[in-house]
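Each chain, letter by letter, is given below.
2 protein chains.
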Amino acid sequence: MDLQFHMDEIDAFIRQPDGSLFSWHERLRCYQHILYDTVKVNKPAMKFKCGDKEVCWEMGESILRKLETEGIVKEIFPLHDDVMRKQLVKSWALNWWDFTEQPIDEICSYFGMKIAIYFAFLGMYTRWLFFPAAFGLIVHLIDFGWLQFFVLPAFFVCLVTWAVLFFQFWKRKNSALLARWQVDQTPGAGRDYKAFELEWSLFQFPSDHIKKYGSEKITEKEAFQRDEWFGRFMRYRNDFVVILSIICLQLPFELAYAHFYAVIESDLLKFGLTVVYLLSIQYLTRIGGKIAVKLVNREASKNVEYRADSLVYKVFGLYFMQSYVGLFYHAVLHRNLMTLRRVLIQRLIFSEVVENLLENSIPYFKYKLKKFRAVRFKRKCDRGTVTGKLPRVEKEFLKPTYSASICEELEDGLFDDFLELALQFGMIMMFACAFPLAFTFAALNNITEIRTDALKLLVMLRRPVPRHDATIGAWLNIFQFLIVMSICTNCILLVCLYDREGEWNISPGLVAILVMEHALLLIKFGFSHFVPEVKFVAPGGYF
Amino acid sequence: MDLQFHMDEIDAFIRQPDGSLFSWHERLRCYQHILYDTVKVNKPAMKFKCGDKEVCWEMGESILRKLETEGIVKEIFPLHDDVMRKQLVKSWALNWWDFTEQPIDEICSYFGMKIAIYFAFLGMYTRWLFFPAAFGLIVHLIDFGWLQFFVLPAFFVCLVTWAVLFFQFWKRKNSALLARWQVDQTPGAGRDYKAFELEWSLFQFPSDHIKKYGSEKITEKEAFQRDEWFGRFMRYRNDFVVILSIICLQLPFELAYAHFYAVIESDLLKFGLTVVYLLSIQYLTRIGGKIAVKLVNREASKNVEYRADSLVYKVFGLYFMQSYVGLFYHAVLHRNLMTLRRVLIQRLIFSEVVENLLENSIPYFKYKLKKFRAVRFKRKCDRGTVTGKLPRVEKEFLKPTYSASICEELEDGLFDDFLELALQFGMIMMFACAFPLAFTFAALNNITEIRTDALKLLVMLRRPVPRHDATIGAWLNIFQFLIVMSICTNCILLVCLYDREGEWNISPGLVAILVMEHALLLIKFGFSHFVPEVKFVAPGGYF
Chain Z
4 MDLQFHMDEI DAFIRQPDGS LFSWHERLRC YQHILYDTVK VNKPAMKFKC
54 GDKEVCWEMG ESILRKLETE GIVKEIFPLH DDVMRKQLVK SWALNWWDFT
104 EQPIDEICSY FGMKIAIYFA FLGMYTRWLF FPAAFGLIVH LIDFGWLQFF
154 VLPAFFVCLV TWAVLFFQFW KRKNSALLAR WQVDQTPGAG RDYKAFELEW
204 SLFQFPSDHI KKYGSEKITE KEAFQRDEWF GRFMRYRNDF VVILSIICLQ
254 LPFELAYAHF YAVIESDLLK FGLTVVYLLS IQYLTRIGGK IAVKLVNREA
304 SKNVEYRADS LVYKVFGLYF MQSYVGLFYH AVLHRNLMTL RRVLIQRLIF
354 SEVVENLLEN SIPYFKYKLK KFRAVRFKRK CDRGTVTGKL PRVEKEFLKP
404 TYSASICEEL EDGLFDDFLE LALQFGMIMM FACAFPLAFT FAALNNITEI
454 RTDALKLLVM LRRPVPRHDA TIGAWLNIFQ FLIVMSICTN CILLVCLYDR
504 EGEWNISPGL VAILVMEHAL LLIKFGFSHF VPEVKFVAPG GYF
Chain E
4 MDLQFHMDEI DAFIRQPDGS LFSWHERLRC YQHILYDTVK VNKPAMKFKC
54 GDKEVCWEMG ESILRKLETE GIVKEIFPLH DDVMRKQLVK SWALNWWDFT
104 EQPIDEICSY FGMKIAIYFA FLGMYTRWLF FPAAFGLIVH LIDFGWLQFF
154 VLPAFFVCLV TWAVLFFQFW KRKNSALLAR WQVDQTPGAG RDYKAFELEW
204 SLFQFPSDHI KKYGSEKITE KEAFQRDEWF GRFMRYRNDF VVILSIICLQ
254 LPFELAYAHF YAVIESDLLK FGLTVVYLLS IQYLTRIGGK IAVKLVNREA
304 SKNVEYRADS LVYKVFGLYF MQSYVGLFYH AVLHRNLMTL RRVLIQRLIF
354 SEVVENLLEN SIPYFKYKLK KFRAVRFKRK CDRGTVTGKL PRVEKEFLKP
404 TYSASICEEL EDGLFDDFLE LALQFGMIMM FACAFPLAFT FAALNNITEI
454 RTDALKLLVM LRRPVPRHDA TIGAWLNIFQ FLIVMSICTN CILLVCLYDR
504 EGEWNISPGL VAILVMEHAL LLIKFGFSHF VPEVKFVAPG GYF
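Residue numbers (this note's numbering), protein chains in the order written: chain Z, 4 to 546; chain E, 4 to 546.
Don't take each hint at face value.
If several chains are the same, the list does not tell them apart, and a pair holds so long as it fits within one copy or across any two.
[Stated by the list, open to error] Heads up, simulated PhoX-like pairs for lysine-lysine below, C-alpha to C-alpha not over 25 angstroms straight-line:
id, residue 1, residue 2
1, Lys43, Lys117
2, Lys69, Lys93
3, Lys459, Lys398
4, Lys56, Lys43
5, Lys527, Lys174
6, Lys176, Lys527
7, Lys93, Lys383
8, Lys373, Lys398
9, Lys402, Lys273
10, Lys56, Lys371
11, Lys293, Lys273
12, Lys369, Lys381
13, Lys176, Lys224
For the record, the hints were derived by calculation from the structure and aren't laboratory data.
Kindly produce the complete structure, drawing on both the sequences and the hints.
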């Protein structure tokens with residue numbers, strides 16, 4: 004039903020936290036609607052001239068789409084709002100003394116929900132990291148005498164409890180944020196929608212119920228189920244291909260690196276090897292990522308969100324193998340904890356300092372170069388009539404976009420940021436017992452990460468197109484998976500630590516049963532993801 | 004907004020599967036509204052005479068409530084619809100040859116959703132049980148030669164996969180049923196509602212936002228959080244008291260039984276001991292259940308559904324300790340698998356045959372006795388003028404209600420039925436490797452259970468008041484918990500089976516680390532329940 008909106012009854016409407024009537028996401032939608040739906044309604048075609056080109060605007064055509072296809076309009080993108088941006092730079096990006104405090108409501112109204120949720124998560128994660136950071140520092144620095152024997156297990160137990168509690172409280176916080184922003188969070192809305200459409204349509208006309216209950220319904224249902232399960236089967240085949248290719252291609256490479264690292268004596272050579280390894284892995288990952296994108300694109304599912312999640316799982320699987328297999332090799336096969344610790348430090352420094360620097364500086368210099376060229380080009384054209392300053396829109400046009408390094412259609416730059424966080428979390432959690440100090444490094448890094456990410460978004464990049472995602476999505480499952488993995492790996496590390504001579508023994512029968520138990524627990528908790536529990540989604544427009 | 008309902012536009016409304024406009028639940032609500040809201044509106048009080056009593060019906064009073072307090076109306080309860088009932092007896096309760104097939108839609112429209120969901124679950128569970136039943140029979144009967152060594156582990160792995168898949172598919176089936184019955188299944192609706200009410204109210208008037216963001220909001224929030232966490236703390240304290248009292252009271256009793264059973268030689272004495280044990284345990288459980296009910300009633304939470312779930316967890320905890328501790332004692336401490344098997348058979352026969360018989364026959368004979376007395380009383384009063392037949396309403400009034408044996412306010416008879424199913428599932432799953440034939444027993448039992456439960460509801464009991472629950476609720480979590488437990492217990496059983504002489508060894512350090520690992524995995528998956536992830540619930544009437 005349509006109710007007319009009167010400006011003087013504006014108080015009756017629920018508003019955004021910043022007082023405006025629509026969110027940035029909704030406003031952008033409106034702008035797009037206005038821009039793209041400027042359609043010619045009357046008959047005689049209109050003609051424009053632009054340089055040498057002549058454009059003919061015919062009836063029923065959108066002017067903007069016409070201009071885009073002709074190449075006259077290069078791109079449509081949202082501009083930064085300079086007043087708001089400067090305010091945010093001041094209150095958020097350069098506000099170093101607040102440590103983890105951020106003006107989340109303002110971020111939400113400027114960048115949209117998804118980015119605000121990322122920063123809320125990053126802030127809360129960093130705040131919570133202070134506890135294990137301090138604990139790790141104490142464990143590393145203080146000698147507890149005869150209690151030393153129990154310190155690492157105690158640290159480990161506290162850590163797992165901490166991680167579990169953190170994610171539970173994050174879910175609460177996320178719900179509270181959504182309630183504050185007045186968002187309806189229907190879990191899995193839009194997913195597995197089709198399954199119910201069928202069931203609904205069968206019961207829309209109850210008088211036909213008995214008729215439809217016959218063979219017709221069963222064949223329709225069967226065809227639909229065949230489709231659904233075939234799509235799922237395809238997906239798992241793809242996952243299987245990815246995993247197999249990773250194992251075949253990457254594992255020997257990883258193991259060779261780990262082996263060489265253990266064999267080489269000179270520290271300098273070792274460092275060189277690590278640098279070469281890390282750079283080549285970047286290259287390898289990019290290939291793997293492209294394969295993953297291709298596989299995802301061939302999947303049957305048409306839902307963008309679902310495919311984005313699928314991509315997240317696949318790419319994280321790749322990175323997971325890459326980042327940790329070499330470390331496992333050091334830890335378990337060589338029982339060489341000193342080397343493991345050194346490799347961990349190198350990785351942490353490399354990934355956190357170097358990658359942060361590269362990530363932020365390369366786009367900046369690219370932008371500067373582009374700008375310099377543009378100014379020179381302009382000067383040439385105008386022959387010195389202008390002082391060489393670019394107009395604001397052109398400057399923004401030259402800025403890089405906030406996009407994922409792997410697949411621009413499905414994910415934006417948050418993919419890279421979350422990937423970085425997940426890899427860091429995995430590294431510090433899974434090898435916690437080998438190197439408790441890692442938490443302190445991570446906490447320090449994340450404090451700077453908040454501000455550098457903020458600066459990147461506000462100063463260096465184009466304003467991103469807002470997305471309406473209400474949670475951190477697939478990443479939450481990945482973090483949960485990392486906690487479970489970390490329980491197992493830390494137990495292995497503890498065995499290595501306390502049993503340096505390899506004197507502990509265990510009967511092979513017991514080992515077999517233990518392996519079976521772990522495999523079954525994995526099945527129990529893994530299958531819950533394999534066979535989706537269909538959540539009830541009402542067909543659009545009914546409620 | 005009110006829209007008028009016209010009978011000739013009835014086609015525009017969505018209807019129940021059976022063609023009626025309202026569900027049985029809704030209709031009963033309407034009847035109750037009509038019955039209880041018959042209120043006198045004009046002034047002079049009316050007087051009735053009934054036997055010796057005189058009732059004065061004053062203005063603003065509900066006639067029915069008045070009559071109830073005066074004791075003239077004894078009880079208001081729904082009657083069976085004889086046509087529908089006879090049809091259901093024919094198509095459902097006595098339709099033995101359909102095995103697990105049931106007319107779920109008809110059950111739903113006659114008994115309401117909750118009971119239909121129970122029978123759908125029971126049917127699907129029994130249907131799925133055929134696979135492990137057949138597998139168990141094969142494992143029990145056929146000798147696989149040298150492969151015999153791998154048969155039990157293979158059986159166990161298949162079983163866990165089966166159980167996990169079953170519950171995932173049950174969730175799908177449940178959603179499909181709800182979609183068919185056109186029910187909106189908002190997860191956890193009505194729970195944790197208060198948490199959001201606060202957040203919402205703070206943002207209802209965005210212009211006051213900045214003012215409220217000050218100290219006032221923080222104190223309000225803090226007070227609220229204190230309340231919330233205090234309630235939760237009370238709940239856990241109660242849980243702790245229950246568990247401790249179980250351990251103190253019951254464990255010695257259980258262990259004494261298990262010990263005597265192992266010591267006594269004569270088979271007859273053993274059987275007698277078991278019967279005494281099982282009867283005394285029934286008594287003990289009833290005490291435990293009453294304690295649990297009292298604890299639940301003292302909890303801060305006011306939500307009925309939430310308290311019902313809390314009761315389910317507590318009572319199941321009690322039964323779990325009771326039913327399995329003695330068995331564990333046989334399995335692990337005595338390494339006596341033959342005794343374990345015999346005890347399992349006794350338990351299965353007792354719980355499935357004897358309890359089923361008692362459960363069904365005692366209320367029936369009670370009803371017969373009551374009816375006999377009523378008829379005799381009537382004959383005395385009327386002095387032989389009537390043939391002694393009771394009117395239908397009086398007959399129904401004498402029938403027992405479908406109520407839980409433990410707490411009538413929070414749960415109905417489904418509580419007992421689900422408890423029976425969960426205990427059976429736990430028994431057959433947790434000791435699967437010791438006694439694979441149990442699945443066959445369970446499958447046979449459940450086929451009869453479907454029909455006897457149907458008969459009980461249709462013939463023996465009063466028509467139950469329908470409930471609007473859309474899932475099997477807390478029981479699903481209990482089943483999931485039993486799967487995880489069964490993985491661990493079966494591993495222990497396998498160790499006992501393959502290592503009869505106790506020759507396998509393991510270093511104490513490894514044992515410590517393994518115990519720690521299992522404890523942490525328990526924390527990981529247990530904490531997810533302890534710290535509830537608040538689901539977003541919109542305040543009523545907004546959507």
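Now for the hints, and whether the structure bears them out:
no. : hint              : verdict
1   : Lys43 <-> Lys117  : neither (36 angstroms within a copy, 58 angstroms between copies)
2   : Lys69 <-> Lys93   : neither (41 angstroms within a copy, 70 angstroms between copies)
3   : Lys459 <-> Lys398 : within (15 angstroms within a copy, 79 angstroms between copies)
4   : Lys56 <-> Lys43   : within (20 angstroms within a copy, 86 angstroms between copies)
5   : Lys527 <-> Lys174 : both (23 angstroms within a copy, 15 angstroms between copies)
6   : Lys176 <-> Lys527 : between (28 angstroms within a copy, 19 angstroms between copies)
7   : Lys93 <-> Lys383  : neither (37 angstroms within a copy, 95 angstroms between copies)
8   : Lys373 <-> Lys398 : within (9 angstroms within a copy, 92 angstroms between copies)
9   : Lys402 <-> Lys273 : neither (38 angstroms within a copy, 85 angstroms between copies)
10  : Lys56 <-> Lys371  : neither (31 angstroms within a copy, 98 angstroms between copies)
11  : Lys293 <-> Lys273 : neither (30 angstroms within a copy, 69 angstroms between copies)
12  : Lys369 <-> Lys381 : within (18 angstroms within a copy, 101 angstroms between copies)
13  : Lys176 <-> Lys224 : between (40 angstroms within a copy, 13 angstroms between copies)
The structure shown violates the earlier hints numbered 1, 2, 7, 9, 10 and 11.
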